[in-house]
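K.L.:
Assemble the whole structure, with the sequences as input and the hints as a guide.
2 protein chains.
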Amino acid sequence: MKIAIAQINPIIGDIKNNAEMIKKQAELAIKEKTKLLLTPELSLCGYPPKDLLLNQSFITAMAEELQRLAETIPPEIYILIGTVTFNFSAHQEGKKPLYNSVALIHNGKIQETFNKRLLPTYDVFEEDRYFSAGDKVNYFNLEGVKIGITICEDLWNDEQFWGKKSYKINPLQDLVNHGVDLIINLSASPYIVGKQKLREEMLTYLVNKYKKPIIYVNQVGGNDDLIFDGYSCAFNKKGNIINRCKPYKSELIYLNFEQKNQDLLPSLVNNLIISEEEEIYQALVLGVKDYANKCGFNKAILGLSGGIDSALVATIALDALGKDNVFGVLMPSPYSSKHSVIDGEKLVENLGIKSEKIPIQQVMNSFDLLLNPLFKNTEFGIAEENLQSRIRGTLLMAIANKFGYLLLSTGNKSEMAVGYCTLYGDMNGGLAVIADVPKTKVFKLCKWINRNKEIIPNNILIKPPSAELKPNQKDEDSLPPYEILDDILERYINKHQSLREIKNAGHDLEIIKKVIKLVERAEFKRKQAPPGLKITDRAFGTGWKMPIARRI
Amino acid sequence: MKIAIAQINPIIGDIKNNAEMIKKQAELAIKEKTKLLLTPELSLCGYPPKDLLLNQSFITAMAEELQRLAETIPPEIYILIGTVTFNFSAHQEGKKPLYNSVALIHNGKIQETFNKRLLPTYDVFEEDRYFSAGDKVNYFNLEGVKIGITICEDLWNDEQFWGKKSYKINPLQDLVNHGVDLIINLSASPYIVGKQKLREEMLTYLVNKYKKPIIYVNQVGGNDDLIFDGYSCAFNKKGNIINRCKPYKSELIYLNFEQKNQDLLPSLVNNLIISEEEEIYQALVLGVKDYANKCGFNKAILGLSGGIDSALVATIALDALGKDNVFGVLMPSPYSSKHSVIDGEKLVENLGIKSEKIPIQQVMNSFDLLLNPLFKNTEFGIAEENLQSRIRGTLLMAIANKFGYLLLSTGNKSEMAVGYCTLYGDMNGGLAVIADVPKTKVFKLCKWINRNKEIIPNNILIKPPSAELKPNQKDEDSLPPYEILDDILERYINKHQSLREIKNAGHDLEIIKKVIKLVERAEFKRKQAPPGLKITDRAFGTGWKMPIARRI
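Chains Y and F are the protein sequences, given in the same order. Heads up: the first sequence at position 112 corresponds to 529 in the working numbering, and the numbers run straight through without jumps. Heads up: the second sequence at position 363 corresponds to 780 in the working numbering, and the numbers run straight through without jumps.
Below, a sample of chain F positions facing chain Y; criterion: calculated Cβ distance under 8 Å: (1) I428; (2) P466; (3) Y539; (4) E543; (5) K582; (6) S583; (7) D641; (8) E773; (9) V780; (10) K962; (11) R968.
With a straight-line Cα cutoff of 20 Å, these simulated DMTMM-like cross-link-like pairs (lysine to aspartate or glutamate) come out: (12) Y:K513 / F:D575; (13) F:K433 / Y:E937; (14) Y:K512 / F:D540; (15) F:K944 / Y:D468; (16) F:K513 / Y:D540; (17) F:K585 / Y:D545; (18) F:K962 / Y:D545; (19) F:K819 / Y:D785; (20) F:K433 / F:E444; (21) F:K563 / F:D591; (22) F:K513 / Y:E576; (23) F:K819 / F:E773; (24) Y:K819 / F:E796; (25) F:K513 / Y:D575; (26) F:K934 / Y:D431; (27) Y:K582 / F:D545; (28) F:K440 / F:E668; (29) Y:K553 / Y:D575; (30) Y:K512 / F:D552; (31) F:K512 / Y:E576; (32) Y:K931 / F:D431; (33) F:K441 / F:E493; (34) F:K774 / Y:D785; (35) F:K944 / Y:D540; (36) Y:K962 / F:D431; (37) Y:K962 / Y:D545; (38) F:K962 / Y:E940; (39) F:K513 / Y:D954; (40) Y:K934 / Y:D904.
Hint data in this document are derived by calculation from the structure and do not stem from the laboratory. Computed from a predicted structure; not experimentally measured. C-beta atoms are modelled at their ideal positions from N, C-alpha and C, and glycine is treated no differently.
P.N.:
Dropping the structure here:
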């Protein structure tokens, strides 16, 4: 029995076009004599649909589209489609009004629907906000094969593998108890560094434990801050991977299930990306590409300071959108060092992108003239530093608005954490490309980019980081060295360590206190930041919910 | 038996000072021979603590502080304190690691803890993210009185009153089945228009249904976008309200429970605010006051355009912070009408606040000069309009940064909905004071402010709204009249109505389509907006979770 995985990239809310996309995959699969086509979790509306789910007409539209789709698909194929359905007894049962479901369509009809049983509500996931948990064991029979259905989280509750239970029930165990021959998992599992390695470890563990083949189907594509990396894959009951989709790309792949042995047959398997840098880089490229495309932009603009952050973002943008579609703007001030301009120009030359140089001194002077009466007898300080950044941010937005460019902001995670960035200045943008990449990792990514030849001018990589908002400024005048800062931040933010735990790791108490205070104080800036592409288990995005007016 | 309600205003995360605040209330209550002191939900850490809860050291700090507090409180009083506790069997049970609890402290010890049973996860509430639901019926005995404890949502699931069940169980029914004599509800219930009326209707219904007295204790104070209005109150078993705290203020009030009749004795009752305008206005004043204070500001700055939105915000700021602490800045451009400047100056005079006039033409010219080479042969458009707004936003931030002012943004909900506002321009600010107030309500509030004398110059109220970013611009050139716009927005946003339903309400199909498109397209702006004080059931704040890259 031939089974196909449609690793598709739906647009959130775009029900009609997503249905069309599924239909095209079905047509291709039918040509290959596929019996069963698999699509990701919520493939009809894209994941995550968020509060679009609160509009009843959105759910109804999905039901209608699903019906239409069922009616137009030729009768030779079965398709599993992720969709949202009503829980009509929600008001009697005291539950949420919807289910996160999978519909089995065949022969002009919706044959059956299956409801997700484990609803993740942590980090970026908020499924308890919308959904009732399904209370049935989900399986169906196809040509004598008993096929168990799990939806994403349903597979992620093995007490032995995780050393804890996150939910009361284990849907996979239930399926095995019901004697299924094959497990299917339809997911929308967002990328973080090393996620696929973890997924495959878990899948291998589950296959070895239950001796059942598993097919894991993931969504691919960038949706705001989330990047879905794809990497759909399948394991036979011996515990071997027998197929794997490419990461970061839509793909349609085929598997063969042999009824005699009740197992998936081996085939050629795409490689995993080995290098962490490459994995992150490709993820960010996809994030930029999809955010731009799905928001209707084909060109991006960014400020080039001559520093490493904007150099990295420019390179990512180029790979996402093509060199003719990236516009870099150099905006030197009197505080900009000569090498910054030279480095920026060299970068433009190396990348072959369009650029413009717009010195900002005149505008600075005109602001100073206006503010002088108010600011007389005050020292040059944060206000004046921020002003330069805001002039640049305003120029970039003016050009972006005029020509319909997407402005990319270039701040890294270390800056976003400690607030070493200007709100309404360098934070401006539709998308914060490297907002979840710590500065030390920015360096690593750039070195990786330069692995074969100098793409990012070497001087950008070796000079000490500086905001250049006052004479001879260096980041390390205000912040601890980035190796120390990033380790403290990783412990504090990602690992939720206490001051004492961080101290025990060998850091200086006063430095830790200072860093934590900076993180706390910068909350108001993060609140107003653009969506930032998530690559770690704790990003300043959807999954970061912090009070601003607080004291700790 | 004397019972006291401490309607307190904790600062989120400020465990030590919140404990101190509770201690002071206890000392006052002891002087009045109070037996039982009640504090709001999570009174020890303030509500909502959000992701502070993910740091284990935060929970431990709370446990330690609670223990210290128990040890320092004199033995004659019992206190119920809202706190967070660990669910130590979470990993075995497959549940979340914390409980939203109430601790009963007495005689140097934590006598007992009670866990919240119904965990709201909708709108601004995200309790399933953090908490296990309590599975015990919560009551204790005090001087022969069996006292049932409910925590906020625990009381909000009466199937008859709501016409539906939102949760499987009804903790109140459980308590009645266990024969309690008195029901206590410790809450952190955020304000929306008319909320207290609804609460009291529900409480009256429940008292009449179960014939048990109920004491409802609410938190007071502004926490980011949420305003907790206080209005703690108590009902005897006849269904009469017997006491009510003032809204928008910390207060300590006393109730007498007569053991013989097992009922609360009547006393003087503060009035409800009757006028909707006054209710909203006072809520917004509290929201501004607390956001400023809790973030460490005592002065605010705002731009005064001569329009009605900034006039309203200036008036609110004055009432929140005092006239010496509000700084208004007039920033006329060549497109500003003469009357705008006159109206703005008249407002400053009426309010008696400080102000400065900073004409922006020179800065506009300096930007034009820089951008001319790029913009030649293009028409004056959105880019140029936004530029003016961003120059103003940059000036305001420069002054705010220089002198440590809180910048208040002045956009109303109608603008925020359709994107009739400039990101990094007039949207700049630490707090968006009227971001949940539709334009038509802005007018009503201003008329209410002027009910006794002209505080907001009358010309501001009668002239047609205009952004004045190009010659002779009027809002109605780009938008439907506000009466129509606000009704469509209310139906679409607050009531989740479909296009067809809105059309059936009598609106023009093309206008509805245009409005919906504008709302969808402005999502990226709202993503980067400051926190906006919530006054309706559907605000663009914590409870608004929308994908940006989407198509519907």
